[in-house]
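Colleague: Respectively, the protein sequence lines represent chains L and W. Quick note on numbering: the numbering used here labels position 97 of the first sequence as 97, and the sequence is numbered without any gaps. Quick note on numbering: the numbering used here labels position 120 of the second sequence as 1120, and the sequence is numbered without any gaps.
Calculated from the structure, these hints are not laboratory results. Only true hints are included.
With a cut-off of at most 25 Å between alpha-carbon atoms, the simulated SDA-like pairs for lysine to any residue come out as follows: (1) K1083(W) x G1049(W); (2) K1247(W) x A64(L); (3) K1057(W) x D120(L).
Estimated spans, in silico, between C-beta atoms of each pair: (4) A1268(W) x T42(L): 29 to 35 Å; (5) G158(L) x M1176(W): 51 to 57 Å; (6) I220(L) x G1215(W): 43 to 49 Å; (7) V113(L) x G1258(W): 30 to 36 Å; (8) I243(L) x G1049(W): 54 to 60 Å; (9) H117(L) x A1054(W): 15 to 21 Å; (10) G1215(W) x Y231(L): 52 to 58 Å; (11) L1205(W) x A63(L): 41 to 47 Å; (12) M1176(W) x I243(L): 17 to 23 Å; (13) M1214(W) x V61(L): 55 to 61 Å; (14) L1271(W) x I220(L): 31 to 37 Å; (15) A1088(W) x I8(L): 44 to 50 Å; (16) K1008(W) x I8(L): 31 to 37 Å; (17) N1251(W) x Y231(L): 33 to 39 Å.
Yeah, the Cβ is synthetic: ideal placement off N, Cα and C, and Gly gets one too.
Chain by chain, the residues:
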Amino acid sequence: MTMIMLFIVASIAGMASVVDEAQFHRPVIACTMTGAVLGDITTGIILGGTLEMMALGWMNVGAAMAPDAALASTVSTVLVIVGHQSIGAGIALAVPLAAAGQVLTIFVRTITVFFQHLADKYADEGNMRGIELCHVAGLLLQALRVAIPTCAIAAVAGTDVVNNALNSIPEVITRGLQVAGGFIVVVGYAMVINMMNAEKLMVYFFLGFLLAVFTDFNLIGFGAIGAICAYFHIKDMQTQIAIEEAAKTGGGSAVEGDDIDDSDLM
Amino acid sequence: MAEKKVTKDDLFWTFIRSNFLLGSFNFERMQAIGFCVSMMPILKRLYEGDELKAALKRHLEFFNTQPFVAAAIMGIIGAMEEKKANGADISAATLSGVKVGLIGPLAGVGDPIFWGTVRPVLAALGAGIALTGSLLGPIIFFVGFNAIRLATHWYGVQYGYEKGTELVENIGGNQMHFLTEGSSVLGLFVMGALVAKWTTVNMPLVISEYDNAMGEHVVTTLQTILDSLMPGIVALLMTFACMKILKAGVNPLMVIVGLFALGIVGYAIGLFA
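Chain W on its own, in the form it takes in the complex (with noise of 0.2 Å):
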């Protein structure tokens, strides 16, 4: 019997198919239908007839992983798989069990990085260049982040299908922990700017207002003399604040819906202009 072999044409299609992972994500499973969709080019080079049904079933199980990272795992099963389909003694549980288990060391990876911070920072460069009016904004922000995912999901599929099991090892290693740190270094470090930059509190709010002895008329606002002690330590106190709500659990959105209350309050009495 000739070996069963994956082609680079497969992967292709494994590579398109995964673009759309989410499409139709439930409450139930979650990303398992696309995850199954995905696989289909492999497992139809591989199987047929019951063995392909039982292959489409046990990737109907439960995934959830950051969907850029998860082409890797496309990868790796397609790899094992392939063992699989040639005989070799992988059972489904196996598979299962190394799908599952990569579901959360690569989010781990994948949520800082590119959530955290590959987004947010081109995103905010996008906007602050969307603002003046100017189209290179939303073009930066769309290629540079379409750039950096497409290339994550075409080595994902490629590098986990020719590492297969031996890329599991890595991803608990040292290089994917460096990766992370570096990111979050990098995200924490451009929030931190941004927080300064790109938020904008004014207080009018005056506190003493007198003549000096050269008869100039000084005004002293909460403003000039907090941008005499640190310009922006409202912004990062609001930010710091922001941060104690969210994490004891309050809805986002309800965040925002309070920090606009403030905005109208804090108009209305003078406190901001």
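Same shape as in the complex, but just chain L (with noise of 0.2 Å):
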């Protein structure tokens, strides 16, 4: 039964990690998600949230593909739970589980060209149930590619030899790399960074670094100032672009009330 549930779960992160909408393949939902299946869901949840700062930057732009979040994410709370292994164990686990997963979506985003060609061949018959099928023999290809690894590590896990292989590992290692657990999430934070490639914007950075480092408020606070800068620089830049066209039209009344939105910057 829980092999079935187990199954059902990495389906559902599987093909959330190539839809990439409503999240279930993100450490945090699913290692919570794989945790309840497991019978220990406040385990999944920590692991969760552990490899959900490491993962923070893990995002799929343009045409190149992220770390892959679902199988580290369920193989590694197999793992943790069924093996007994550490949160540490789990999260360094998680990383070479992050690759294994990429090389196999890579691998199922080749085979889905079968598909298109496919598509293409029904398109000329006007048979679009033939389309939504290839539609979804995709999606479940995706489900397989993570569903199967997890079933099969959780059918071998808990086992002697694996606990006994896993168990081998000398403290140093694994007290090295709950330290370095501590400051892994680094790597997330300069993706997210790199992404939004906006040097103008590093000031924010800083300030909001410099607000963390000398004072105590929580994340929520933290947004909500966020928010009030951006608030800020939007006004800015309004009046910048009415200087401008002041500027060129050679007159005319300054700054402009234009209404933007301002609920959506939340």
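Can you join these two chains into the complex? Each is in its own frame, and there are hints to help.
Modeller: And the structure:
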């Protein structure tokens, strides 16, 4: 029964990893679901939170593909809960798993080129059901590429062979991995900042950093202050544009009250 | 001949289908099948026979953008297809041109807003709570993100259809630019806070150790010195180092492996604890 539930949860994570919509593949959700199925939701949530911080910058932008959070989340949760490993070990295991998952999804995304051509054929015939099936087939392959490895690992995790192998890792490695777990998140931050690619806005990054260093606000507080910064930044941009336009037309009254919907910024 | 009109139901089903846009992502034409499948409720309403086949084929062309803002393209193309079905002089090439022309600008808006700001900020918030073992963490992230995402899909399809080609001009305009920059400001601000708050670096390397005049044992470690200068400075420097390395094209997973190695070596020689 657990195996069937695990298969379903891993399938959902696998499908979500390609659609990237509802976010069932993000560690904080996927680990929680996997933990719930395996009977230890709290461990799942904590592992998920830790992995989520590490994976903060893993995103699909353009044709670039993120490391695979889905397989990393489900399998590392299985190893931590069924294989009785520490959260630290789970995080360390998640990294090679994310790389393995990436290879698997590349494989599937290559296979689906076949469905693309099949869809062309169905379009020639005006067969809409056929095109829909091509779409669903691609999605199901993505489900299987996570569900099958997850269930396979679940079947062997907890056996003596696997436990002995995992327990034979020397302490300096496991402790060192835990230490690294404290600052591994910087990779995620770096990816997000690089992706924004806005050097002239870095002053806001430093402002956030300084406020966090010297105050005790929580993240909601930072979100609110950040939104206010955004508001003033936009106001400033509007003023600039108004001034430029005024300069161009050679006069006219300055700032136009352009109502921008600030509620979207949150 | 009665005018062909896309119904509210058709738009609703396009909205539903748009949630699976990337389902059959492939390396040849990326989101092409997903786009075609999402457009089907509209195309079915407008065309039949050979016209339908041609419409299906033209929406199986290459497509790839940020998936949430893609909904707006579906709405715009839906409106154009409707005009075409009613005899307006819109060629297949024009439709493709608008579609492909929107991919870049919309991804340019969608990527920094959703992947750069909304998701990292909500995920960090959720993950921070999740670290305490509370189910509230995953729930906040899931509900918060999906509310914003579904609203974007829904209004994208509706608004895109209503405004049609009018919207195409808006996308390059100031409003979108404001939205992108504003969200980047928020995102970077929160990232700065996260670097300081959600990283743990402890360097217990002892620099000096002595008994002071009062006979107290004073231990100065690398960490106490750094903390007195600027807490979080190591995390900040690490972040900048990672940005440089990533910009040089190194795979993020290799950077993570490198940091793990740093942790192990650092722990072994007593630099980190």
